[in-house]
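Based on the provided sequences and hints, a complete structural model is requested.
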Amino acid sequence: MTVLQKKNESPIAHLTAADIEAIGRELDALRQEVVESRGESDAAYIRKVIAVQRKLELGSRAALLVSMFPPAWLVGTVGLSVAKILENMEIGHNILHGQWDWMRDPKIHSTTWEWDMASPAEQWKHSHNELHHTYTNVIGKDNDLGYGIMRVDEDQRWHPLYLVQPLSNFVNACLFEYGIAAYDLELGKNLASERRRNDPAFRARVKAVLRKIGKQASKDYLVHPLLSGPSFLPTLAANVTANVVRNLWSHSVIMCGHFPEGVETFEKKSIEGETRGEWYVRQMLGSANISGSKAMHIMTGNLSHQVEHHLFPDLPSNRYAEIAPKVRDLFDRYGLRYHSASLPRQVGSAWHKVFRLSLPNGWMAQTTPRNAPAQVVKLVRMTTGGAKARRQLQAAA
Amino acid sequence: MTTTVPQPTPARQPRPALRDRVLKLVELATTPLLPTDYLDLVAPLRSGAALRGRIEAVLPETRDAATLVIRPGRGWRGHTPGQYVRIGVDVDGVRQWRAYSLTSRLGRADGCIAITVKAIPGGTVSNHLVHRTAPGTVIQLDQAAGEFVLPTQRPAKALFVTAGSGITPVMGLLRNHPELTDVVLVHSAPTPEDVVFAAELWSLAADGRIRLVEQHTDTAGLLDAAGIAALVPDSAERATWACGPVGMLEAIEEHWAAAGLADRLYTERFRPTVLVTGEGGTVSFARSGTTLEADGATPILDVAEEAGVLMPSGCRMGICFGCVLPLREGAVRDLRNGEITTAAPGDGVLIQTCISAAAGACDIDH
Ligand SMILES: Cc1cc2nc3c(=O)[nH]c(=O)nc-3n(C[C@H](O)[C@H](O)[C@H](O)COP(=O)(O)OP(=O)(O)OC[C@H]3O[C@@H](n4cnc5c(N)ncnc54)[C@H](O)[C@@H]3O)c2cc1C
Ligand code: FES
Numbered sequence: 546m547t548v549l550q551k552k553n554e555s556p557i558a559h560l561t562a563a564d565i566e567a568i569g570r571e572l573d574a575l576r577q578e579v580v581e582s583r584g585e586s587d588a589a590y591i592r593k594v595i596a597v598q599r600k601l602e603l604g605s606r607a608a609l610l611v612s613m614f615p616p617a618w619l620v621g622t623v624g625l626s627v628a629k630i631l632e633n634m635e636i637g638h639n640i641l642h643g644q645w646d647w648m649r650d651p652k653i654h655s656t657t658w659e660w661d662m663a664s665p666a667e668q669w670k671h672s673h674n675e676l677h678h679t680y681t682n683v684i685g686k687d688n689d690l691g692y693g694i695m696r697v698d699e700d701q702r703w704h705p706l707y708l709v710q711p712l713s714n715f716v717n718a719c720l721f722e723y724g725i726a727a728y729d730l731e732l733g734k735n736l737a738s739e740r741r742r743n744d745p746a747f748r749a750r751v752k753a754v755l756r757k758i759g760k761q762a763s764k765d766y767l768v769h770p771l772l773s774g775p776s777f778l779p780t781l782a783a784n785v786t787a788n789v790v791r792n793l794w795s796h797s798v799i800m801c802g803h804f805p806e807g808v809e810t811f812e813k814k815s816i817e818g819e820t821r822g823e824w825y826v827r828q829m830l831g832s833a834n835i836s837g838s839k840a841m842h843i844m845t846g847n848l849s850h851q852v853e854h855h856l857f858p859d860l861p862s863n864r865y866a867e868i869a870p871k872v873r874d875l876f877d878r879y880g881l882r883y884h885s886a887s888l889p890r891q892v893g894s895a896w897h898k899v900f901r902l903s904l905p906n907g908w909m910a911q912t913t914p915r916n917a918p919a920q921v922v923k924l925v926r927m928t929t930g931g932a933k934a935r936r937q938l939q940a941a942a
Numbered sequence: 132m133t134t135t136v137p138q139p140t141p142a143r144q145p146r147p148a149l150r151d152r153v154l155k156l157v158e159l160a161t162t163p164l165l166p167t168d169y170l171d172l173v174a175p176l177r178s179g180a181a182l183r184g185r186i187e188a189v190l191p192e193t194r195d196a197a198t199l200v201i202r203p204g205r206g207w208r209g210h211t212p213g214q215y216v217r218i219g220v221d222v223d224g225v226r227q228w229r230a231y232s233l234t235s236r237l238g239r240a241d242g243c244i245a246i247t248v249k250a251i252p253g254g255t256v257s258n259h260l261v262h263r264t265a266p267g268t269v270i271q272l273d274q275a276a277g278e279f280v281l282p283t284q285r286p287a288k289a290l291f292v293t294a295g296s297g298i299t300p301v302m303g304l305l306r307n308h309p310e311l312t313d314v315v316l317v318h319s320a321p322t323p324e325d326v327v328f329a330a331e332l333w334s335l336a337a338d339g340r341i342r343l344v345e346q347h348t349d350t351a352g353l354l355d356a357a358g359i360a361a362l363v364p365d366s367a368e369r370a371t372w373a374c375g376p377v378g379m380l381e382a383i384e385e386h387w388a389a390a391g392l393a394d395r396l397y398t399e400r401f402r403p404t405v406l407v408t409g410e411g412g413t414v415s416f417a418r419s420g421t422t423l424e425a426d427g428a429t430p431i432l433d434v435a436e437e438a439g440v441l442m443p444s445g446c447r448m449g450i451c452f453g454c455v456l457p458l459r460e461g462a463v464r465d466l467r468n469g470e471i472t473t474a475a476p477g478d479g480v481l482i483q484t485c486i487s488a489a490a491g492a493c494d495i496d497h
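Read top to bottom, the protein sequences are chains Z and B. In terms of my numbering, the first sequence opens at residue 546 and continues consecutively. In terms of my numbering, the second sequence opens at residue 132 and continues consecutively.
Hints are not guaranteed to be accurate.
[To be verified] Each computed SDA-like pair below joins lysine to any residue, with the alpha-carbon atoms no more than 20 Å apart: (1) Z:760 <-> B:158; (2) B:288 <-> B:337; (3) Z:593 <-> B:226; (4) Z:600 <-> B:166; (5) Z:593 <-> B:170; (6) Z:839 <-> Z:601; (7) Z:764 <-> B:154; (8) Z:593 <-> B:268; (9) B:155 <-> Z:772; (10) Z:600 <-> B:177; (11) Z:670 <-> B:438; (12) Z:814 <-> Z:593; (13) Z:760 <-> B:167; (14) Z:813 <-> Z:598; (15) Z:600 <-> B:438; (16) Z:839 <-> Z:598.
Calculated from the structure, these hints are not laboratory results.
What follows is the structure, encoded as structure tokens:
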């Protein structure tokens with residue numbers, strides 16, 4: 546894949562400027578419809594999810610107090626994993642988007658909410674709501690694409706270091722909450738120079754993150770194990786497991802949102818002076834949905850409706866399912882591709898892309914069992930040779 | 132939640148140090164939530180919780196008024212008759228705060244308090260409370276407040292002038308101050324059926340506790356201040372409490388002032404008088420990062436709440452200062468008198484958002 550602007554056949558070539566503005570107007574109207582019908586049942590929904598999550602967490606942690614008994618360990622670990630996933634996805638992510646601010650309940654509000662995550666809500670809101678949702682899939686602007694550490698596009702020049710990206714992506718998945726925190730701090734950029742390192746604002750943010758990590762880690766890895774007394778170690782193991790499960794799950798869901806094959810990326814230049822209609826179209830082409838059961842939608846925080854979420858990031862998540870058919874109909878009418886597939890397929894597709902781009906352009910597609918030895922030799926030469934050798938070999942491909 | 136919330140709940144009662152330390156320990160196990168977030172699931176009215184109340188009964192008074200009996204949470208500090216309480220009710224999923232005068236007797240055996248609400252045509256909260264609220268509903272409460280109370284030195288003679296739902300704080304006073312023996316009550320309502328507490332007022336009158344002058348304005352027309360003074364020839368000797376529509380209160384204030392009796396008059400307003408409007412402007416809230424367009428006639432409080440900004444508020448009519456926020460830069464207009472307040476960068480002028488509308492671009496520190 547390559548940025549949409551450089552493709553021979555752009556998926557939006559058939560749309561006129563008037564079409565794009567008409568799409569914008571239709572989506573604005575759809576948004577308004579939901580805004581006007583928000584009400585008591587929506588409020589009841591989020592309160593219910595919060596209550597269920599808290600009870601599930603309490604119950605699981607209670608079971609873990611006697612986690613030396615394997616059934617208690619199993620029940621507690623599964624329950625805590627689910628509770629942590631709900632807390633991050635359907636509750637935290639969506640409240641921090643301001644999806645529930647309209648209720649004016651100070652206990653369920655984007656400005657007061659704090660979540661069970663290494664990254665403090667304040668910092669995450671900036672990098673996620675302001676940067677990622679504004680610059681969705683714009684190469685060089687949207688760091689969510691590969692989190693600044695992966696090769697996410699053919700147009701990024703290949704380097705041997707990218708060979709490890711499947712492994713680093715897996716490690717990032719396991720430690721996802723810390724990855725997000727580092728990413729929200731823009732560690733790469735901010736540690737690079739003396740001046741940035743010593744910037745007081747940056748230092749204050751680092752401190753806030755460390756304090757938050759300290760609190761979250763001491764809760765899971767010290768306080769609750771201590772409360773479990775003789776079950777200290779099993780509880781510690783359970784909490785580590787629940788955090789890793791939650792990290793793997795949220796990493797997978799988020800990869801599915803923008804990374805599966807066929808989701809478009811965009812050039813920096815292309816968003817200069819972008820109209821509202823064009824912004825909508827970029828969100829439509831830059832997101833992918835996951836199809837599945839109602840339970841799956843809730844466990845993904847309704848990010849399975851990534852398309853709808855990116856069009857309307859601040860509409861209550863419980864309403865995405867209801868507008869999805871209308872959004873899909875809009876895609877159909879304007880001849881646009883609505884990406885939707887099951888969870889295993891989207892995860893598989895995203896990982897396929899991670900592997901493909903870890904290798905030089907075209908390498909994976911050109912490799913067959915027959916030419917494999919030659920291809921491996923070429924890869925080794927590209928890996929060990931200098932930049933010039935790489936360019937020549939790539940050009941010869 | 133770890134962040135404190137800009138709710139106007141006054142300082143909590145001091146807690147014993149040991150309990151504080153235990154709470155700190157429990158917080159280590161619940162962070163980033165607080166222990167209260169879990170306790171609220173089962174015991175929303177317990178002591179130490181944000182103040183709430185449970186509606187125990189909704190008793191119809193007239194076709195469009197009802198008394199709501201509320202069991203306040205353990206943190207309720209009681210009230211003085213004549214005061215009001217602010218309640219936060221979720222209507223269509225949206226939290227709305229309004230003030231209502233307390234009408235109950237002090238020290239009820241069941242520990243409950245009561246307010247009496249008249250549904251206003253098109254009114255969001257009043258209609259919800261009168262017509263669509265079921266017993267068992269939990270609402271948000273604030274501590275009682277207000278100056279519409281009797282002085283410690285009880286007046287020998289009292290006059291109450293009320294109209295419509297303005298009877299409520301006066302009912303709170305009459306029910307709790309039997310020591311007032313020389314009382315005149317001049318009450319106006321459109322028809323006899325619209326008189327809230329009619330039976331109780333008649334029985335007070337029958338017992339000789341009060342002299343009741345009932346004016347049915349649909350047939351007899353409105354009473355003006357001179358008319359009231361004429362009905363109560365000794366009004367100059369009486370301490371006077373008045374509560375009702377803005378027009379009525381202003382007429383009385385003028386008349387009493389002219390007679391040199393301003394210091395013997397207490398009034399309670401249910402809504403601010405909006406007199407002067409003008410051009411609006413863009414209002415930005417620096418900390419929450421919200422920017423919105425405000426017209427020149429709507430209080431900044433309402434515009435901001437509408438946009439989902441969590442705003443501190445109180446009486447919503449310019450008397451309690453519960454809504455004050457610093458204006459970092461810009462200009463606002465006081466809707467009651469048109470006075471313009473401006474702030475240059477860094478000034479941080481404190482403004483009451485409930486009676487201030489934008490008068491140009493405003494940057495508010497919130
Ligand atoms: C100190 C204090 C004590 C109060 N005590 C009582 C009480 O004991 N009983 C009681 O019923 N109300 C009382 N009120 C009024 C109450 O707080 C609400 O303003 C009232 O119930 C209307 O709210 P709403 O949401 O129904 O109307 P909104 O939806 O806010 O307003 C709907 C429309 O009605 C108009 N409006 C608002 N208030 C009034 C009013 N009072 N009279 C006529 N029109 C109005 C508005 O301008 C608007 O056009 C008190 C107010 C204050 C400040
Ligand atoms: S809310 Fe009471 S003065 Fe504004």
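ask   = Failing hints, ascending?
value = Violated: hints 12, 14 and 15.
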